[in-house]
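J.: Sequence:
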Amino acid sequence: MATSSLSISSLQIVAWTIWIFLCGKCLDNAHHHLVVAASGSISALQLKQAKALHETEWWFNSTSNSSACHWEGITCNAGGSVTSIDRSDQGLGGQLKLNFSFFPNLVSLNLGYNSLYGPIPSEIGMLKNLIDLDLHLNVLVGPIPSTIGLLTNLESLSLDGNQINGSIPPEIGMLKNLTRLGLFSNMLVGPIPSTIGRLTNLEYLSLSDNQINGSIPPEIGKLKNMTDLVLYSNMLVGPIPSTIGRLTNLKYLNLGDNQINGSIPSEIGKLKNLIGLYIRSNVLVGPIPFIWDNLTYLKYLDLSVNYLTGSIPYHEGNLYQVEYLNLSHNFIRGEIPVALGSVLVSRLWSLDLSYNNLTGHISPSLIHIKEIDLSHNFLKGRIPDGFNQHHKSHTVIGNRGLCGQFEIFPPCPKSKKSPGSHHKTKIEIVVPITTFIGFLVIGSILFFRCVFKEKQFELRESKNGNLFSIWNYDGHIAYEDIIEATEDFDIRYCIGTGGYGSVFKAELPSGNVVALKKLHQREAENPVFHRSFMNEVRVLTEIRHRNIVKLHGFCVHKRCKFLIYEYMERGSLFCVLRNVDEAMQLDWSKRINIIKGTAHALSYMHHDCIPSIVHRDISSNNILLNSEFRAFISDFGTAKLLDPDSSNQTLVAGTYGYIAPEFAYTMTVTEKCDVYSFGVVALEVLMGRHPGELLSSLSSSSSSSSQNMMLNEILDQRLPPPNYLIGRDVLLVATIAFACLHTQPKSRPTMKCVSQEFLSCKKPNVIPLTTVSLLQLRKQATYMAGSGFAYC
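For the sequence shown, the residue numbers in mature numbering (1 follows the signal peptide of the UniProt record, and there is no 0) are -26 to -1, 1 to 766.
Some hints here could point you the wrong way.
Claimed, not checked - Mimicking DSSO-like on lysine-lysine, the simulated pairs with C-alpha atoms at most 27 Å apart in a straight line are:
#1 225 to 244
#2 102 to 196
#3 366 to 273
#4 150 to 102
#5 246 to 225
#6 198 to 246
#7 344 to 273
#8 273 to 524
#9 196 to 273
#10 198 to 244
Simulated from the structure, these hints should not be mistaken for lab results.
Construct the complete structure from the given sequences, taking the supplied hints into account.
T.: If you want it as structure tokens, here you go:
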């Protein structure tokens, strides 16, 4: 009986176990069905969306039987419906095949910078809620579908950088919410549709680099919110419509490289916010109107390669902000306005008036404009003294009436003084009765000796005059102002200290601010530091460049020596890069401009100065930044003027980590020493820190890991990654930097080559920085150095 009872109990246990298991499965199934029933159509839509996305093959390891909301680049709303697809810069490939009907809530579709090919499906018009459509930099072909007009909520449309053909559909005018329209670099033909005038919210329009013909529709004047209108490199004809004067918010207008005719409408003068005006290479005729009278923000003006006549319209102050002025290859006559080179247009650094019918003399005030071309005109008289120290002969060739300065011109008659000549610079000196450092001055009262330049064309001012004309001061008055402003160099006004001296900030009675570099007492008595001090004075009084710090004056006395510079609000590049908050303000665009500005200044020193000047201490400490983050090379105490008849051997100078490797064993200074230092600084700006560790690892035998690093990995991680446009500049800078860091000086480019490469319009192909390894970068740099830079 006992055995039978035990057996029954075992069977019961087994039965109960099976019953519990089956009931559990039933409960699970019931729960699953309840969930599906509760979710209803949303779950069905999610499955459809996942299937449609899975079929594109743009997501590896994806499955079509679950929600896609957790996939990379996918954003969903609270109900689980896809609202954003962002798969830009992924190298996807394939055609744009996506069942758009399953995405009724999609507001953003970004598939830019891939290798998508084929046409844009007309079904894209089903995305009625779409706000942002970005398909730029693919290989899309065929026309823009007319169904694009159904996307009435669209605010941004980017189709640039494809092979889209056909004409711009008039239905584009239905996109009344559009603020940005980019169609440049395609194969578009036909006219600009007049319906574009309906896009009254449009701020940016670029149709450049296509084959668009016809005239610019007058309806363009209805786009009153427009800030950027870019139509260059097409086949546009007809005149510039006068209605363009209604675009009062316009900042950049580029109509270059077309066949636009007629005259320049005076209505352009109403564009008071204009910064850049480019109408080069057209068929414009007639005189240049006073279009810039009201254009107080204008910085870049290019009217070259047209048929313009008349004289250069100019009156005092109407070109004060202009930095780049190109009127070359026209039929402009008359004299060059003397004031173009004066302090009234002190920002002007590039002036091209070549291939015109200009007459008269070359004013001495034009000498210091960095880039100038006056060739192939009818200029006459003496070339101003010192012109050959700043510019080459090709900048004035083709003017048969000129004399002096260059061997290609005859010497000027000694008995006559051309109106182009000028007197020597005056010197104001206040000194003690005894002689000091070679200056012989008679005086009755022992006083400080302060030396200041005085420009001939400026008038002497009172004590409260403008300090930025400090050369107008009497040395005594200037010195008193400085002592008063710093309370006799009180420590409270000190903004920096180094081995050479201390830097003080001084605000003068006029309200202008300067920086004073004062030697320490011990250094002031040291002959080595004195030579360095006087060397800096000698160099900076002879050169002028928009990216070289300006020296306003200096003072020499047995008790103190100081230099007077323009004040740089941001301080040194070194300090800015090491301050997190300031480094964040130094975005990629500003960093690229700092590198370019430094390159242009070094090119000027090496190739436009006679004799050439080598700085010998290019480092982030010696690059100063003003309030706008513009770069200025400073500290010329160790600069050397190269003697072509000498070995130029010298003692080691410079900052550790920036000195060219060959200098340690040759002790010979050349321009290539600065080139190497520039390469270090360029990488430092990109990386946000000194690249010493990276350079050491790349040169070591076990550098495979560093060689395989990607360019984006070494960039300053405190900033967001650069976008695709600025990414081209970053890639160019990085390539040039590695070329400058070549161990063999002969393999490094010259700074002139580097400068011209930066000035050229040609940029590297857009390549994701995530795909560029340092090994590839160094190979490209070696190739550039071996084959010669494109613009040398």
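J.: Work down the list of hints and note, for each, if the structure agrees.
T.: Structure-based check of all given hints:
1. 225 to 244: OK: residue 225 and residue 244 at ~12 Å, within 27 Å.
2. 102 to 196: holds, 26 Å
3. 366 to 273: holds, 25 Å
4. 150 to 102: Distance of about 14 Å is within 27 Å: holds.
5. 246 to 225: This hinted pair holds, its Cα atoms lying about 9 Å apart.
6. 198 to 246: holds, 13 Å
7. 344 to 273: holds, 16 Å
8. 273 to 524: holds, 21 Å
9. 196 to 273: holds, 25 Å
10. 198 to 244: holds, 13 Å
Taken one by one, the earlier hints all hold for this structure without exception.
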